[in-house]
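> Using the sequences provided together with the hints, build the complete structure.
Order-wise, the sequence lines are chains F, Z, L and V. Residue 16 is where the first sequence starts when you use the working numbering, and the numbers rise one by one after that. Residue 1137 is where the second sequence starts when you use the working numbering, and the numbers rise one by one after that. Residue 1137 is where the third sequence starts when you use the working numbering, and the numbers rise one by one after that. Residue 113 is where the fourth sequence starts when you use the working numbering, and the numbers rise one by one after that.
Treat each hint with caution, since some may be false.
[Unchecked claim] Calculated pairs, BS3-like style, for lysine-lysine (alpha carbon to alpha carbon, straight line, at most 30 Å): (1) V:K151 / F:K221; (2) L:K1144 / Z:K1144; (3) F:K74 / F:K48; (4) F:K228 / F:K364; (5) F:K77 / F:K48; (6) F:K364 / F:K221.
By construction, these hints were calculated from the structure, which means they are not laboratory data.
Below, each chain spelled out in residue letters.
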Amino acid sequence: MSLDTVELAARTPDDEQPYAELGLRAEEYQRIKDILGRRPTTAELAMYSVMWSEHCSYKSSKVHLRRFGDLPPSDALLVGIGENAGVVDVGDGYAVTFKVESHNHPSYVEPYQGAATGVGGIVRDILTMGARPVAVMDSLRFGRADAPDTARVLPGVVAGVGGYGNCLGLPNIGGELLFDDCYAGNPLVNALCVGVMRHEDVRLAKAEGTGNKVVLFGARTGGDGIGGVSVLASETFDDSADGQRGPAKRPSVQVGDPFTEKLLIEACLEIFAADLVTGIQDLGGAGLSCATSELASAGTGGMHIDLDAVPLRDSTLTPAEILMSESQERMCAIVEPDEVDAFLAVCRKWDVPATVIGEVTDGDRLVVDWHGQRIVDVPPRTVAHEGPVYERPMAPPADLDALQADAPPSSSADLRADWLAVVSSPDGADKTWVTEQYDRYVRGNTVLAQPEDAGVVRIDEQSNRGIALALDGNARFARLDPYTGAQLNLAEAYRNVAVSGARPLAVTNCLNFGSPEEPEVMWQFAEAVRGLADGCRELGLPVTGGNVSLYNQTGETAINPTPVIGVLGVHEDVTRRVPGGWRADGETVLLLGETRPEFGGSAWAAVVHGHLGGRPPALDLTAERALAELMVRLAAEGLVSSAHDVADGGLAQALTESALRYGTGARLGLAGDPTAALFSESVARVVVTTADAGAVRAAAEAAGVPVTELGTTGGDALVVDGALELPLAELREAWTATLPALFGSPEVAVGTVPAGTVPTS
Amino acid sequence: MVVDVVLKPEISDPQGQAVLGALGRLGHSGVRSVRQGKHFVLEVDGDPDEAELRQIAETLLANPVIEDVELHLPTD
Amino acid sequence: MVVDVVLKPEISDPQGQAVLGALGRLGHSGVRSVRQGKHFVLEVDGDPDEAELRQIAETLLANPVIEDVELHLPTD
Amino acid sequence: MRIGVITFPGSLDDGDAARAVRLAGGEPVSLWHAEHDLKDVDAVVLPGGFSYGDYLRAGAIAARAPLMRDVVARARQGLPVLGICNGFQVLCESGLLPGALTRNSHLHFRNRDQQLLVARADTAWTSSYTAGQRITIPVKNGEGRYVAAPAELDRLEGEGRVVVRYVNGNPNGSSRDIAGVCSEDGRVVGLMPHPEHAVEELTGPGTDGLGFFTSVLAAVVAA
Ligand SMILES: Nc1ncnc2c1ncn2[C@@H]1O[C@H](COP(=O)(O)OP(=O)(O)O)[C@@H](O)[C@H]1O
Ligand SMILES: [Mg+2]
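Here is the structure:
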């Protein structure tokens, strides 16, 4: 078959095209025809279909996400939603950009590569903004911990997150690891990256300046990630000499090359420092289609691309495939003609292939040529920014009333056994087996990392200015009440950041939900967004960006709604940070905040009773705010020696983690109902230890935060007077054995790391 | 039995690329491409059951999503 | 040209051990030992120079301190 | 005192090594792998990382970089050289140090705070310690298992070439708990753990790693 050109398309308006196989609806296809005044060419159809996919166009979520844009303007926000990542002013002329993104489905298909390329993708988003990436985090969800498929998926995902991030030299400073049946067949792999730059270094993704060159640099383009659209390959192209090529040869898996990405980072930073670009965009989902149309759409003119110039790894790729390829480790820059040589020289220094593939034009069309013929001629905005938008029907889940009415048990028959069960459950257990696979030290600026409540990174070695980050995404709460659940996650991340002593400043999020075509899922989604927006309004925080991942389901069953929320905070002086873990004997243990008997969606109800029902704990953002202000003050004045927030697993979990960290026990007394005291997940609570209880009490009183004295650190057991005694050795055994027993043997690792990608030193 | 596991041809091979780059810098310009895979040597008790060995190779030693296997049975 | 790189027999091979362990768990008890090495496929322009290829294999592809190489030239 | 820190493509802890040199009171000088220019440094650090992605074998490709030829030549004349993690792998691959580093026995990358026993406190890089001292510094690697033929290990032990050993747990299955070794003259030292990540209370498990960098400053003065 011959090449489908613009000219041919105009002459053959009635040719059948496989738009439905490409995921376009009939009316969407019609709209493309209306825009172009003819049928699209194969290459155009490829571009529209990927760019109008849910993943790239946010067509189901857009109407809801507008709520974030409607939040009151924040002085801290330098660049808001819409760019690759938001940028926040963190003081002293520093700007920070951070974002979390999902790579769920690819990680199920090929765990190692899926997770690795997830990290690679978010790092490029941060780099694109002009920042040096300085740390990563990962939020992971798997099916039941003892399910065979979890043993297939988890070790590969963890090795992939580690393999890629470690090889880039980015410390992993925290994350989450949780298990639930609802993720069997649909694990969640959400990765966060944070980068730092000076205010004046912010870069944007737009193509300006007629005659400026479009440079593609990084890895060569292969057939990665286009397996799903191979329908086009078979359709249009002459088979090459071997006569073998066809859909089967196009991999749907993308393979990561962190070494190339590391070189890309260094090359980009040198290019930014020398001020050699006017606009830049990373290549992620939808590859060149996305990068060219977004750059052109955000700019003032048009763009001309000569597709023959794209360096290929696989010479059999069709032009449509080249436009859609999701080969990793590529970037696209707009460079003034005078700077091109300097730009290419930097790339050569770092062994990064770079090629001029086109230029900015004064028209308003994005045109692409191949073998001297025009195969794309479109208004770029219609591809990149004016995709379809849907207001999908919504309805609360039919079972929601019954679920909320099904209150959990509220009394423990055996506090000691329940305590051990909660802390040794896969969700509550020590995560060291996972986090040891991540480098936390590289770059030498990691002040706090897992298992701390927040990761803290120093950004200036002279002034000791730093940032704190936490990610939280409790899906049980969101299942019971998505509006409140999203706010509870926001509250937890906000609290975690404040516990370290940082002032919370901005929010990112990754919204993992089922199919938007299900009214019940759509309702959950809308409620979660509304909740997050309302929560941010109340806390005075902007949402700087995020990611939406829909269609997370196994067969007909959607995952529990999982809004993962990230909060960024600032430390004026990281040397004042408050760490977790008890080190010293004889300190007073205080509980800040108020405990109510709240077990709906709690870890205790899930682990001990296999129960999910009732209402999540009551949200109290006023109390969260007061508590955060108090924590910042306690840190600044150096009044507490440790702090740990109380969340999943309640006080029992928080005490366990605090005591086992350095092997320091405590003797404690609990007032009121012991089940609530130990296992309730009431919000706005933190456990602190101090040598000056009086001063902490006074500060708490001034802030309006209730204080309960729990006891005194010391000894080699956690003793709750009149209730139970847990020797630390026994507790440690229960807490640490779980994950190694499930995933720790070398046999489990067999096959998790594919040939060609050995992660090493 | 020997099993070689190689990346499918359409999958990118950063390791092979790195070796190729090194060869170029060391002046071995005659090498046009390098692909790197895994090589397993299995010793089997008694008579090897070819079907079983094939299954082992294809399900455990290789990841069929991105890798192909080549079996070399002792009789080869 | 194909080059197989294997660990010297006196160097322990945890990767092979892990595969053996996994085989045992899966009930393939007939496999007595597994060793894992690397497999390289090199394409050479023109006539391969055997001495050069051997040097590449022995000095770059393998670390002679711990590894042995097996060369399979196209003529093999 | 000028201490060079080499950056290879894929080096990651070069900034950390330079910081450690600075905190120890030396002047860090960055060196680029592709240039034959040692810039008159008094000693060289090969930092951790994933040079060339550690594809092929860790350190194998970097060991063949142009600047490494100069390093090898100068090291044979007594230039103090420290290889940390990937740097240790490069030193073994380049033949300056014996043995090899292979995939960890548990097959995972492992990052933890590790206790070491300083076995030799008379090398260019460990004179700030006392023999038998225990120090805690981070270890982080996927290919950190030190191996050599048994006879070779016996020889190294006999010659007192083991500089640091793992104590309280061996993080990667290294033969005889060997964490680091040195050249015959004690001027070239390689170790898997990362002293440069233990130079500040704020960011490391402590400051036990600083001694490597203060040691070499003393060694250079003495030379
Ligand atoms: N997948 C992961 N990656 C990195 N860090 C993790 C991961 N899972 C858990 N952690 C870290 O382990 C610690 C304990 O996790 P978790 O109990 O979920 O924390 P929290 O209760 O504060 O939300 C936290 O510091 C968290 O950052
Ligand atoms: Mg927490």
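> Does each hint hold? Answer for all of them.
Hints, verified against the model:
A threshold of 30 Å between alpha carbons decides the hint, and for K151 of chain V with K221 of chain F the separation of about 42 Å lies outside it, so the pair is violated. A hinted pair counts as satisfied when its Cα atoms are at most 30 Å apart, and K1144 of chain L with K1144 of chain Z qualifies at roughly 28 Å. Distance restraint check for K74 of chain F and K48 of chain F: the Cα-Cα separation of roughly 19 Å lies within the 30 Å cut-off, and the hinted pair is therefore satisfied. Distance restraint check for K228 of chain F and K364 of chain F: the Cα-Cα separation of roughly 20 Å lies within the 30 Å cut-off, and the hinted pair is therefore satisfied.
A threshold of 30 Å between alpha carbons decides the hint, and for K77 of chain F with K48 of chain F the separation of about 23 Å falls inside it, so the pair holds. The suggested pairing of K364 of chain F with K221 of chain F holds, with an alpha-carbon distance near 26 Å, which does not exceed 30 Å.
Figure legend: structure checked against the earlier numbered hints; the only hint not met is number 1.
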